[in-house]
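Colleague: Next come the chains, spelled out residue by residue.
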Amino acid sequence: MIKNIICVSCPMGCPITVELSDSGEVINVTGNTCPRGKAYAITECTAPTRMLTSTVKVNGGRTAMVPVKTSKPIPKGMMFDIMKEINSVEVNSPVAIGQVIIENVLDTGADVIATNED
Amino acid sequence: MLNYDLAVIGGGPAGMAAALEAKENGVEKIIILERAATLGGILEQCIHAGFGLHYFKEELSGPEYAYRFIEKVKATDIDVKVDTMVLTIEEGNKITATNNVDGLIEISAKAIVLAMGCRERPRGAINIAGSRCSGIMTAGTAQKYVNIDGYMPGHKIVILGSGDIGLIMARRMSLEGAKVQMVCELQPYSNGLTRNIVQCLDDMGIPLKLSCTVVATHGKERLEGVTIADVDEKLCPIPGTERFVECDTLLLSIGLIPENELTRMAGIDLDRVTNGAVVDEYRQTSKEGVFACGNVLQVHDLVDYVTIESKLAGKGAAKYIKGESEKGEYIETQGINGVRYIVPQKINSKTDDDVNLYFRVGSVYKGAKIVVTCGDKVILSKKRPRMCPSEMETVTIKKDVIESIPAGEKLTVRVEE
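As given, the protein sequences belong to chains Z and X, one line each in that order. The working numbering puts the first sequence at residues 26 to 143. The working numbering puts the second sequence at residues 202 to 618.
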């Protein structure tokens, strides 16, 4: 299988082509102009991750919502499942910045933490 | 009348960094005047990550980036007035402001830092035909509705303009369950950062339509759809390419305008390309003792650069207040041949440090060179693998080079293909 991706390691935005075997292993990487591009392409094709940010409802706070993020990047494919978890919880004011809102969300090893106080 | 050494107008990242830097450089009485209810500016609603990679060498969300500065301001004796609107700046650095607690406030300051930020270009700026139904708003307005107020402004979305706020909102609305139909961009290239195209559009499977615009909106009470059309190389819609796209919400991400009403009122010279003040290397405007920094001066891609610029303004204000400003001739900077503007527009020939020139190019270049000249002399020439209008460029001019420039000469920056 051939996958075309754009590298985001720097502003160059190199178009990279990754050749994958049927089992998903990387066979060849072309189009990158530096080693960082190759590393990015391999991660992106084998186990892509993303930082997820969203908001959680606050009761009695200064604003209606408090912003949250995952404490580390989570598998890209789990973004929508984790969004469901995030949207199913509410917190009471006061919320401190860095406060854990959901521990080890969906067993990813990442916590959902507040990124502001409210 | 309240007396201060330094009054900072705006408590976003620019204002806070300028005030803190002035404090660190020995300025005693400082006040920050902020229109909103809290410090932090627009970062409060920018809940996505990606801030601070340059300045803090770690990836923070907007509120986290702001929080670091808010805590620092709180730890100093800098006065802060929130919910406070500055109405005028008059001769002799006299500021009139108002709020619910103090009523009318008059402040006299030895120096002023303008850090009012920018606002989004609205629908009226591009004259899209159609009625004034609900469902048409700027991307930043939608961002506030979703991230601060906690409700969705719509479910089927078209975004016009590929500015970063539009791209960020495309992902945000998708994550919250909306269907983002497409992002239309008038130009043949994207106006957002590459990483935002990949992580906001490609991740969510949202098509980016280049050389395409919205020519009409439909719906009486609520938006029901838009007509889009391809545009030619003169950016004019091509007859016969119109097609209908169903949506209940149109988000506009079509550019930012520095908020320079106060600057204009104070009679300060503005640059017609940046729509910000004309400044020197410490971001002093044409009016002595008045400085400008952050998005009110030039629209930045990254808050990290706002912080760096604002520290310069804070340092410059401190030097001015202490009577330590350089007294030399000004050397003008000039962008030609693909370089649209340069900040700073002038440099003091007796400056005490190297000077970074910040600028943007007018179109996409691959493998071109940036050449800085003074008269016939080439000062520096640097190869850039890729340059585009959405990413700010910078070159550093050494202090000894600046000192060697003859009076009356200009520093010229151009693109050489």
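No wet-lab data here; the hints were simulated from the structure. Every value quoted in this text rests on a predicted model; they were computed, and no experiment measured them. By construction, the Cβ of each residue, glycine as well, lies at the ideal position given by its N, Cα and C atoms. A hint or two may mislead.
Unchecked claim - With the C-beta cut set under 8 Å, the calculated list includes, among others, these residues of chain X facing chain Z: (1) I248; (2) A250; (3) E260; (4) S262; (5) T299; (6) D350; (7) M353; (8) T395; (9) R396; (10) D404.
Colleague: Min Cβ distance, T395/X to chain Z: is it shorter than 8 Å?
Modeller: 4 Å, holds
Colleague: Grab the minimum C-beta distance from S262/X to chain Z and call the hint holds if it beats 8 Å, violated otherwise.
Modeller: Nearest chain Z Cβ about 4 Å off; hint holds.
Colleague: Against chain Z, with CB atoms and a cut of 8 Å, does the hint on D404/X hold up?
Modeller: This hint holds: D404/X lies near chain Z, its Cβ roughly 7 Å from the closest one there, short of 8 Å.
Colleague: Does the CB of E260/X sit less than 8 Å away from some CB of chain Z?
Modeller: 7 Å, holds
Colleague: Does T299/X hold up as a contact with chain Z if the rule is Cβ-Cβ below 8 Å?
Modeller: With a minimum Cβ separation of about 23 Å from chain Z (threshold 8 Å), the hint on T299/X is violated.
Colleague: Double-check R396/X for me: the hint is only fine if its C-beta lies closer than 8 Å to a C-beta in chain Z.
Modeller: Constraint on R396/X satisfied, holds at 4 Å.
Colleague: For the hint on M353/X, does the least C-beta distance to chain Z fall short of 8 Å?
Modeller: 11 Å, violated
Colleague: Holds or violated: the hint that I248/X contacts chain Z, with Cβ atoms closer than 8 Å.
Modeller: This interface hint holds because 4 Å falls under the 8 Å limit.
Colleague: Hint A250/X vs chain Z: min CB-CB distance below 8 Å?
Modeller: Hint holds; A250/X Cβ to chain Z Cβ min 4 Å, cut 8 Å.
Colleague: Just to be careful: measuring from the Cβ of D350/X to every Cβ in chain Z, is the smallest value less than 8 Å?
Modeller: 5 Å, holds
Checked against the numbered hints listed earlier, the structure breaks hints 5 and 7; every other hint is satisfied.
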